[in-house]
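**Student:** Single-letter residue listing:
Number of protein chains: 6
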Amino acid sequence: MPVIRVEMFKRTQEQKKNLAKELTEAFVRTCGGNKEAIKILITDVDKSNWASGGIITADKKD
Amino acid sequence: MPVIRVEMFKRTQEQKKNLAKELTEAFVRTCGGNKEAIKILITDVDKSNWASGGIITADKKD
Amino acid sequence: MPVIRVEMFKRTQEQKKNLAKELTEAFVRTCGGNKEAIKILITDVDKSNWASGGIITADKKD
Amino acid sequence: MPVIRVEMFKRTQEQKKNLAKELTEAFVRTCGGNKEAIKILITDVDKSNWASGGIITADKKD
Amino acid sequence: MPVIRVEMFKRTQEQKKNLAKELTEAFVRTCGGNKEAIKILITDVDKSNWASGGIITADKKD
Amino acid sequence: MPVIRVEMFKRTQEQKKNLAKELTEAFVRTCGGNKEAIKILITDVDKSNWASGGIITADKKD
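Residue numbers (the numbering used here), protein chains in the order written: chain A, 881 to 942; chain B, 881 to 942; chain C, 881 to 942; chain D, 881 to 942; chain E, 881 to 942; chain F, 881 to 942.
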């Protein structure tokens with residue numbers, strides 16, 4: 881504990897590495913606890929699998 | 881808010897498009913709120929990763 | 881399968897009842913399959929546990 | 881997108897407020913994107929509902 | 881890793897204790913790995929928040 | 881109900897088959913209920929998507 885899950889569109893491995901480091905530090909800074917106990921799980925979401933306002937992101941024109 | 885997540889066996893992109901549209905409309909119709917605020921995340925589940933009754937679906941004989 | 885999860889701010893039981901019915905029908909209409917196999921899990925989210933733009937909803941002034 | 885979910889033992893509302901702010905900033909710093917689009921969902925986990933090594937945390941003697 | 885999450889109707893603490901122990905043992909037996917690394921998160925689901933076949937469980941007559 | 885989700889590093893299909901069988905049996909043994917109603921969803925997690933202590937597993941040197 882804690883477990884932090886991030887669902888996001890595909891990022892580079894360098895971005896994921898920095899994200900994991902900074903989310904962990906942010907957690908310890910604000911909530912305390914042992915850094916080693918913080919688990920992070922990233923899920924890469926495809927734009928064909930995410931919708932807002934009823935429209936799949938991959939189908940949006942912008 | 882809200883976030884609607886759908887875990888299902890692989891569907892076509894046309895089916896996902898219609899699903900996102902209709903789930904969003906169903907939410908607004910029954911619970912109100914702003915259509916734009918409704919987020920949908922679809923997860924494609926492989927039949928080798930889902931089990932019921934202790935048996936992986938991909939191993940079932942029907 | 882499928883499993884549909886809805887994370888939303890607290891609604892009435894009447895709204896949940898209608899939501900479950902309409903999400904299920906929307907799924908069958910767009911993706912086919914057996915109505916009985918559709919499972920829905922609703923999670924009531926407290927406004928003190930949801931944030932957007934870095935601000936907890938319960939702390940927003942509107 | 882993205883959605884960040886944090887499952888943790890109960891914290892104060894002040895800690896949650898700071899956590900939401902800092903996780904959001906950490907995300908923008910490392911992965912870019914629009915701050916407003918970042919959604920955070922916190923789940924308070926009871927020690928009677930979490931186990932490691934096969935033992936429920938509430939039952940651990942330390 | 882791994883994280884095992886169980887969503888179920890309310891059980892007694894004694895049942896949860898035994899469940900955590902046996903799920904952990906089942907994982908080690910079949911997939912190997914270090915028992916200490918296995919995390920389990922139980923979510924108590926209310927019958928008013930679960931539906932199958934479009935009907936909330938709390939509303940079913942059986 | 882219940883739904884058991886397992887997030888783990890990639891295993892063989894034989895291991896998944898045995899895991900699904902044994903988790904299901906462990907649930908029935910400790911919590912009772914109908915074996916057929918137990919659903920299991922396995923998510924294969926890549927070592928580039930999991931971190932502990934702020935470090936992505938794929939980047940760890942051991």
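In case anyone wonders, no lab produced these hints; they're calculated from the structure. Hints may be right or wrong, so weigh each one.
For identical chains, the list gives no copy identity; a pair is met inside one copy or between any two copies.
16 Å max Cα-Cα, derived EDC-like pairs, lysine to aspartate or glutamate [said to hold, decoys possible]: (1) Lys897 <-> Asp926; (2) Lys940 <-> Glu894; (3) Lys897 <-> Asp924; (4) Lys890 <-> Asp926; (5) Lys927 <-> Asp939; (6) Lys940 <-> Asp924.
**Student:** Would you mind marking each hint as holding or not holding in the structure?
**Tutor:** Here's how the hints hold up against the structure:
no. : hint              : result
1   : Lys897 <-> Asp926 : between (20 Å within a copy, 14 Å between copies)
2   : Lys940 <-> Glu894 : between (28 Å within a copy, 14 Å between copies)
3   : Lys897 <-> Asp924 : within (14 Å within a copy, 19 Å between copies)
4   : Lys890 <-> Asp926 : both (7 Å within a copy, 13 Å between copies)
5   : Lys927 <-> Asp939 : within (8 Å within a copy, 27 Å between copies)
6   : Lys940 <-> Asp924 : neither (19 Å within a copy, 21 Å between copies)
Violated hints amount to a single one, hint 6; each of the other numbered hints is respected by the structure.
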